[in-house]
Amino acid sequence: MSTQVKVKFRRSAALAVAAGITVIGAVPLLAESVWFLAVLLVPLAISVWAWRAGTDVDERGFTVRALLGSRTVPWNAVDGLVSDGRTVQARLANGHLVPLDAVRPADLPRLVKASGRDLETDRPATTEDEPAEPAQPTA
1 MSTQVKVKFR RSAALAVAAG ITVIGAVPLL AESVWFLAVL LVPLAISVWA
51 WRAGTDVDER GFTVRALLGS RTVPWNAVDG LVSDGRTVQA RLANGHLVPL
101 DAVRPADLPR LVKASGRDLE TDRPATTEDE PAEPAQPTA
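Under the numbering used here, think of the first position of the sequence shown as 1, with each following residue one higher.
Be careful, since some hints might not be right.
Unchecked claim - For each label pair, taking beta carbons as the anchor points, the in silico distance ranges come out as:
| id | residue 1 | residue 2 | range |
| --- | --- | --- | --- |
| 1 | Leu29 | Asn76 | 47 to 57 Å |
| 2 | Thr72 | Ile21 | 31 to 41 Å |
| 3 | Thr22 | Gly69 | 40 to 50 Å |
| 4 | Thr63 | Gly25 | 47 to 57 Å |
| 5 | Ile21 | Val112 | 17 to 27 Å |
| 6 | Asp84 | Glu32 | 15 to 25 Å |
| 7 | Asp79 | Ser33 | 46 to 56 Å |
| 8 | Val34 | Asp84 | 19 to 29 Å |
| 9 | Arg86 | Glu59 | 24 to 34 Å |
| 10 | Lys113 | Gln89 | 12 to 22 Å |
| 11 | Arg86 | Ile24 | 41 to 51 Å |
| 12 | Leu30 | Asn76 | 18 to 28 Å |
| 13 | Leu30 | Asp84 | 19 to 29 Å |
Hints are computed from structural coordinates only; laboratory data are not their basis.
None of the values given here were measured: they were computed from a predicted structure.
Here a beta-carbon is modelled for each residue, glycine too, at the ideal position from N, C-alpha and C.
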């Protein structure tokens, strides 16, 4: 039996609900003309995207899902995780960046725990053994 932890990161369900309500509101337009079908398809596509898109993480790797496709990346192909303050991307060994949909920087501890690996940072280590240089008086 596998004790594999799988974590799913998804966008807020409110986005899918809002798009669904928009679909319901657009249905009366079909009574006017069949050409309004395109107006109905846009919020429907947004609803499906909001429900499906996201990132699934487990010990083997992660899968980024979009509206029509998905991409699975094993952890051995990942060189690191990069956060720019609002989004998280996986830096691959070949230098490419893969955006992790619906993963925020605050979600990084859960993502790392689901990967079964330790978190390493690229921040330079500070040493407290080195004394600070005294300030030079200005004349």
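Results of checking the hints against the structure:
1. Leu29 with Asn76: 47 to 57 Å: 51 Å, holds
2. Thr72 with Ile21: 31 to 41 Å: 33 Å, holds
3. Thr22 with Gly69: 40 to 50 Å: 24 Å, violated
4. Thr63 with Gly25: 47 to 57 Å: Hint violated: Cβ distance 33 Å, outside 47 to 57 Å.
5. Ile21 with Val112: 17 to 27 Å: 36 Å, violated
6. Asp84 with Glu32: 15 to 25 Å: 45 Å, violated
7. Asp79 with Ser33: 46 to 56 Å: Since the Cβ atoms of Asp79 and Ser33 sit about 53 Å apart, the hinted range of 46 to 56 Å holds.
8. Val34 with Asp84: 19 to 29 Å: 44 Å, violated
9. Arg86 with Glu59: 24 to 34 Å: 27 Å, holds
10. Lys113 with Gln89: 12 to 22 Å: Check passed, 19 Å falls within 12 to 22 Å.
11. Arg86 with Ile24: 41 to 51 Å: Since the Cβ atoms of Arg86 and Ile24 sit about 31 Å apart, the hinted range of 41 to 51 Å is violated.
12. Leu30 with Asn76: 18 to 28 Å: 51 Å, violated
13. Leu30 with Asp84: 19 to 29 Å: Since the Cβ atoms of Leu30 and Asp84 sit about 42 Å apart, the hinted range of 19 to 29 Å is violated.
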